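Build the full structure now, drawing on both the sequences and the hints.
As they're listed, the protein sequences go chains A and B. Plus 3 on top of the position in the first sequence (first one is 1) and you've got the numbering used here. Plus 5 on top of the position in the second sequence (first one is 1) and you've got the numbering used here.
No lab work stands behind these hints, which were simulated from the structure alone. There's no promise every hint is true.
If you anchor each label on the Cβ, the simulated ranges turn out as follows [what the hints assert, rightly or not]:
1) H64/A with G162/B: 19 to 25 Å
2) E58/B with T71/A: 15 to 21 Å
3) P198/A with Q183/B: 56 to 62 Å
4) R111/B with A75/A: 23 to 29 Å
Here are the simulated DSBU-like pairs of lysine-lysine, each with C-alpha atoms no more than 30 Å apart in a straight line [what the hints assert, rightly or not]:
5) K95/B with K152/A
6) K192/A with K152/A
7) K152/A with K178/A
8) K202/B with K178/A
9) K192/A with K178/A
Just so you know, these numbers come straight off a predicted model, no measurement behind them. We put the beta carbon where it would ideally sit given N, CA and C, even for glycine.
Read off the chains here:
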Amino acid sequence: MDCSSSSEAIAEFLDGTLDPAQQRALERHVESCGPCRALVADLKTIQAAAFTLDRQPAPRHVFDAVRTRIAAEPRPSTGGRVLGWPRTRGSWAVLAAAAALVLATTAGIYPLLRSADRHDDEQAAATEGADVVATVQAELQAAEQHYDKAIAGLEQIARSESSALEPQVAAVLQKNLQVIDQAIGESRKALEVQPASTDAQDSLFDAMRSKVALLQQTVELINEMRKGNQAEAGRLIQGLNQ
Amino acid sequence: MAAYHPKTVTRPAPLSPSTPLSMSPSKPTGDVRSADLALAERVRSGEGGAFEELYHQHSTRLYNLAYRMAGTASDADDLLQDIFLIAYRKLGSFRGESTLATWLYRLAMNHCLDVLRSRQSRMGQRTESLDEESAMPVVAPGGIGAVSRIDLERAIGTLPTACRAAFVLHDVEGFGHQEVGMILGISEGTSKSQVHKARLRLRAYLTQPRADS
Numbered sequence: 004m005d006c007s008s009s010s011e012a013i014a015e016f017l018d019g020t021l022d023p024a025q026q027r028a029l030e031r032h033v034e035s036c037g038p039c040r041a042l043v044a045d046l047k048t049i050q051a052a053a054f055t056l057d058r059q060p061a062p063r064h065v066f067d068a069v070r071t072r073i074a075a076e077p078r079p080s081t082g083g084r085v086l087g088w089p090r091t092r093g094s095w096a097v098l099a100a101a102a103a104l105v106l107a108t109t110a111g112i113y114p115l116l117r118s119a120d121r122h123d124d125e126q127a128a129a130t131e132g133a134d135v136v137a138t139v140q141a142e143l144q145a146a147e148q149h150y151d152k153a154i155a156g157l158e159q160i161a162r163s164e165s166s167a168l169e170p171q172v173a174a175v176l177q178k179n180l181q182v183i184d185q186a187i188g189e190s191r192k193a194l195e196v197q198p199a200s201t202d203a204q205d206s207l208f209d210a211m212r213s214k215v216a217l218l219q220q221t222v223e224l225i226n227e228m229r230k231g232n233q234a235e236a237g238r239l240i241q242g243l244n245q
Numbered sequence: 006m007a008a009y010h011p012k013t014v015t016r017p018a019p020l021s022p023s024t025p026l027s028m029s030p031s032k033p034t035g036d037v038r039s040a041d042l043a044l045a046e047r048v049r050s051g052e053g054g055a056f057e058e059l060y061h062q063h064s065t066r067l068y069n070l071a072y073r074m075a076g077t078a079s080d081a082d083d084l085l086q087d088i089f090l091i092a093y094r095k096l097g098s099f100r101g102e103s104t105l106a107t108w109l110y111r112l113a114m115n116h117c118l119d120v121l122r123s124r125q126s127r128m129g130q131r132t133e134s135l136d137e138e139s140a141m142p143v144v145a146p147g148g149i150g151a152v153s154r155i156d157l158e159r160a161i162g163t164l165p166t167a168c169r170a171a172f173v174l175h176d177v178e179g180f181g182h183q184e185v186g187m188i189l190g191i192s193e194g195t196s197k198s199q200v201h202k203a204r205l206r207l208r209a210y211l212t213q214p215r216a217d218s
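Structure below.
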């Protein structure tokens, strides 16, 4: 072994993966070669120092900030319904996954609406007094305004940047948004009839959260498609599918 | 939950083979897998305290990773917030194919690299790919002797982004090359090569006389 061939062996030696025969050859070379001996000693010192570097705990305010940001997020979806993602992540796969998204979102929202219909009478009976109704309506309006504002901003971004998406993908996402809009409309109608129905309120806000989440993910998808990052785009579509 | 283990100081004896420092298996054991999946499911279902548990299990290592990649505490704060927000959004895609720790590291490193490259791009700096060769600095005569924590942290901050990522994951965080490759999306061989280059660069930096020494 000479100096030029020892470099790779030194790397393997430091990682503990050099086979015994090569290790003996390296040791013989290092015994007789000052520069290589110094190199091994220095690299071992660096390796050991790196492994003993301190770990500082994350500042408390970071957790508080994360918690605040997450409170404004829709709850992450469960993973049980996800379709398998093929190894080759070409545009066909993006399209296939996007098409499945329509079914997933439709399945997620309509049961809520049906549930709202079933329980409207019970919920209305349980709500007492006009004051309570007025308070609930005021809170509902405030929450709706919050969501409407977020949705408007995201829709503007998605509209202005939608050219980054393949037309078929954009069409599927658009169709999906229409499904959510329909759910929002039906929830609002149910609330007009039964303003105190908590199921109808939940349906409305679930649908709004779904829309905010879908628009956020659409914007993320647009960003990744613009960057040409098919793998990340695939992952996002996979997330949209859940 | 046994995804992370505290570091133990294992300074290898001179000229004896080092012990591989891998700490987290690429393929989780059954217990780890089920514990990780259970925690992910509890977060997804909105169980009170579940996200906090996830955060406290992983925040220290991810914070230090972000700090070493970004170089400042302020940037590390921002990166850690983003990392956990992205993790929360993407938790549905966690299938237990790796440990939750590895999944989080991959996500964290992708975000750190995106932010660093975007910053370099905005500043008009050249960005390097993970496989790109670049000139190795010259080593000054004389050994490096003892290495202080401050000097080493500073030296790590001078590494090219790709080298730094591989070095931090392997030599600081203790992942094996296979897992580093999985986290960075590179081959095991490329990980070995990047880590070795990083060590050589650090040696060159640490042999240079410094104004404050």
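Q | Hints the structure fails to honour | A | When the structure is compared with the hints, only number 8 turns out to be violated.
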